[in-house]
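Protein chains in written order, with our numbering: chain A, 1 to 266; chain B, 1001 to 1365.
Hints are supplied without guarantee of correctness; some may be wrong.
Below, simulated BS3-like cross-link-like pairs (lysine-lysine); rule was C-alpha separation at most 30 Å, straight line [unchecked claim]:
no.	chain 1	residue 1	chain 2	residue 2
1	B	1095	A	262
2	B	1164	A	265
3	B	1269	A	262
4	B	1306	A	265
5	B	1227	B	1262
Keep in mind the hints are simulated off the structure, nothing from the lab.
In this text, all values refer to a predicted model and were calculated from it rather than measured experimentally.
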Amino acid sequence: MAEYKITKQERQAYAIAKNIKENQIVIVGTGLPLIGASLAKRVVCPSCHPIVESGLMDCSPVEVPRSVGDNRFMAHCAVQWPNIRFIGFEANEWLHDEDRLIAFIGGAQIDPYGNVNSTCIFGKGDYLQPTTRFTGSGGANGIATYCNTIIMMQHQKRRFIEKVDYITSCGWMDGPGGREKVGLPGNRGPQMVVTDLGIMKFDDATKRMYCAYMFPGVTPEIVQENTGFEIDCSKAEIFPDPDQEILRIIREEIDPGQAFIKIPKE
Amino acid sequence: MNKVYSMHDAVAKFVEDGDVLAIGGFTTNRKPYATVSEILRQGRKDFIVYAGPGGGEVDMLIGEGRVAAYINCYTANSGYTNVSRRFRAAIEQGKLTYEDYSQDVLMLMLHAASLGLPFLPVRLMQGSGLMKYWGISEEKRKTMPKLEDLKCAEIENPMVPGQKVVAVPVPKFDTAIIHVQQASPDGTCIICGDEFHDIDIAVAARKTIVTCEEIVSDEYIRRDPTKTRIFGECVQAVVWAPYGAWPSQCYDYYDDDDAGLKEYDKASKYQDAEDAKAQLAKAAAKAEKAAAAKPEDAKLADAAAKAKKASEDAAAGVRIPETFQDYLEKWVYSVKDHTELLDKIGGYRLMRLKNEPHLGYSTRH
């Protein structure tokens, strides 16, 4: 058997899977988080419960779904709730003072405190007529309000910036106590950012982003070069690659159609 | 009472210009495309649109200039088009009046409408741009009688002193359009799979048009009332429209039409032929610049040559890519009604979309 050569996306998917804990309820969208959660469910952490914001609970899709409302999620789940039940479930989660809910969100811009923009890039314009417009919040704002999150981003200088144009999903706002000031639960917030370079976390005291792990081959210089603000890499360790069996499962069982994990042709 | 109408008559009677329109379904699932297409054919316009998580159906209305205001939380044919393209272009060109809410807040607003609440307090959007930026200002809202004066207002929770909450308005819908699996002549509906916000808008709207895969008798639909989801008295019109959610999905019945959604993704890049020419010329200039900056890169040179050819072909009228207008002409305006559309799509193509019962989707879509 030929050896699988790992891709950046597979590193991210594996990093996602490794950060899901036993029995956790995992809010996933489509794309990489879904591949990571599928990997967790199959191999790394089978006791987790993937749920989606359309209201489908404990999903175990046979084929990779394209959207959170896809029939592929709807078949083979535990309960088909309408979206409002999902919102209520998420909002009441604070009643459980335990670390049992984790959510994945994405975005186009992020600041050092984990505030994320997925609405629009102002560019030469403004909110009303931006240079680049995206879909809008979707479920991300509510998720970032009530849940601990893991943010998925491409690590680029233009995305990791000092101040985002528009906060779609609140992170730690302007630092310690920032969430409480605007009325958000202070004991919830972004836990890490998984990028194609590694895993960034937030300092307990200052709430500022630092580099906790780098993928093999990545250096502190590369991380800083691709970050639009000063980022501390002094504590960064190397996040080891998964073994061949994990890659085989991703490619042959989870995403054989390469819906989200694209394998470059030799 | 028999509420069965033809698609034409239902829209002619129950959809009026300027209506506040609520659309059921979720991005690419159970979206009422048949009704939206008929609305386009009949030229109805000036809607204030709420679609929950919207997709191509909203994008078509926006691209055709039928939307006076769009209340958005998410608009994409997920998995096919990352951001709906006519929606995106209309905002980037400053042509669309719109408001952003988070999906949570918008869905709760639709639910609050079904409950008849006067306004809705939430602890969402706080600290975010969703509160800070208004797409439609208070002044402008005051000129729009069917829109509340405020997007939102931070107030103190009267029950919990010191706690800040966000009050949002509860919309009043003129017309709801939804697509369901089964309905009976008196308007009773069975929805299979996730109901999404469809029941909420059917209860809340003054007029509800239901399209369905199958019409069954009033007696038959009541044989198992655990399956019925909408009381017939909430419904004004029942229309038989098999594959009425095409090209989106319909649980237990069919999958999305991969080819159809991909065609829309490509076509909707360009509003019309003029737009295609302009965009291709711009892309060619950009590719040429990129190639000139790195003369040693053969790939960039190749891409620039291709882009140049595409631009020249379009400018000369030799080959213009399919546009949004072409797509609508092909799949909406050139057919008289939904039944003609089904013939045009073709029997084999539709049969391939049928859900495989053991999977809940199609492996041939």
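Taking the hints in turn, this is what the structure says about them:
The straight-line distance between the Cα atoms of residue 1095 of chain B and residue 262 of chain A is roughly 36 Å, outside the 30 Å bound, and the hint therefore fails. Restraint check for residue 1164 of chain B and residue 265 of chain A: the C-alpha separation of about 54 Å exceeds 30 Å, so the hint is violated. Pair hint residue 1269 of chain B plus residue 262 of chain A holds up; C-alpha atoms about 24 Å apart against a cutoff of 30 Å. Between residue 1306 of chain B and residue 265 of chain A the CA atoms are separated by roughly 22 Å; this keeps the pair inside 30 Å, and the hint holds.
For the hint linking residue 1227 of chain B to residue 1262 of chain B, the alpha-carbon distance of about 34 Å lies beyond 30 Å, and the restraint is violated.
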